[in-house]
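In this note's numbering, the protein residues as written are 225 to 472.
Check each hint, because a few of them may be wrong.
To be verified - Listed next, the in silico DSBU-like pairs over lysine-lysine satisfying Cα-Cα at most 35 Å (straight line): (1) K347 x K434; (2) K434 x K406; (3) K341 x K434; (4) K434 x K342; (5) K406 x K341; (6) K347 x K406; (7) K406 x K342.
Unchecked claim - Computed spacing ranges between beta-carbons, pair by pair: (8) T374 x P276: 50 to 58 Å; (9) G302 x L457: 13 to 21 Å; (10) L460 x D333: 24 to 32 Å; (11) G302 x D459: 21 to 29 Å; (12) S266 x G375: 23 to 31 Å.
For the record, the hints were derived by calculation from the structure and aren't laboratory data. Think of the CB as a built atom: it goes at the ideal place given N, C-alpha and C, for glycine as much as any other residue.
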Amino acid sequence: VFVSALALTTARAIGIEDVVDGGNTYAWQEVALPGTICGNGSQYRFYVYDSPTSNNMLMLFEGGGACWDYDTCSGRAGILGAAHPNGIPANYIQEFQPKYVSPLLNGADPGIPLRAKKDLATKGYDMVYMPYCTGDVHIGNAVVTYADPTGANPPLTWRHNGYNNTSAALNYLRTRFPSINKLLVTGFSAGGVASHAGYYFARRTLLPAKGYMLNDSGPTFPAPNATYKSRPLHDLIEQVWALETLYN
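Start from the sequences and build out the full structure, keeping to the hints where you can.
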């Protein structure tokens with residue numbers, strides 16, 4: 225597997241439970257807030273590490289595709305569809321089902337040949353890991369019923385609840401971490417798009433002294449009119465994820 229220097233490092237299946245701060249395993253806390261749900265209606269969960277030595281914070285959005293029809297939301301499309309169509313299990317952070325983790329999380333340079341490894345600027349930060357299970361790059365705001373095009377299965381009711389999950393998490397973090405010095409909002413793939421789209425909401429809610437955003441491998445292409453090839457997809461997700469409800 226090839227990974228870019230700033231992007232993900234293969235985890236040897238290195239799990240987030242292996243991420244260390246000062247030689248100690250992170251004491252992750254699972255947070256399950258009322259009203260936060262995955263696409264299938266199950267409880268949404270995210271994870272927080274409260275560093276005893278820092279008031280800086282890294283908030284990382286998990287990647288994993290997207291969905292806007294029956295096949296991609298149900299899981300039938302496989303890796304081409306949304307991640308975790310069956311929801312986020314309890315203790316997900318310990319099991320660490322994803323195959324990749326950003327080196328920013330443990331503040332450790334993964335190293336490249338002929339260059340010494342070094343600590344990254346995010347070492348020792350408070351950490352927030354946002355799993356992904358809504359198929360809407362963490363920013364949707366709609367409940368949609370998708371029909372099975374084969375007719376073999378009943379319609380699927382899918383909750384594109386990413387925006388509400390993200391907002392609830394930010395409000396929780398604002399109460400728990402009332403004074404944040406540096407805030408880095410980042411993510412990979414779909415989570416990279418989420419970092420781009422959600423950075424405004426994160427800064428507005430968390431009110432850090434300084435804010436930074438790093439969109440890792442989740443480019444968002446502009447499509448101001450129909451001459452742009454990605455315009456049909458823009459129009460489709462705007463409708464099914466009800467993105468127009470977020471513009472104000």
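Consistency of the hints with the structure:
no., hint, in the structure
1, K347 x K434, "holds (17 Å)"
2, K434 x K406, "holds (5 Å)"
3, K341 x K434, "holds (27 Å)"
4, K434 x K342, "holds (24 Å)"
5, K406 x K341, "holds (24 Å)"
6, K347 x K406, "holds (13 Å)"
7, K406 x K342, "holds (20 Å)"
8, T374 x P276: 50 to 58 Å, "holds (54 Å)"
9, G302 x L457: 13 to 21 Å, "holds (19 Å)"
10, L460 x D333: 24 to 32 Å, "violated (40 Å)"
11, G302 x D459: 21 to 29 Å, "holds (25 Å)"
12, S266 x G375: 23 to 31 Å, "holds (26 Å)"
Checked against the numbered hints given earlier, the structure breaks only hint 10 and satisfies all the rest.
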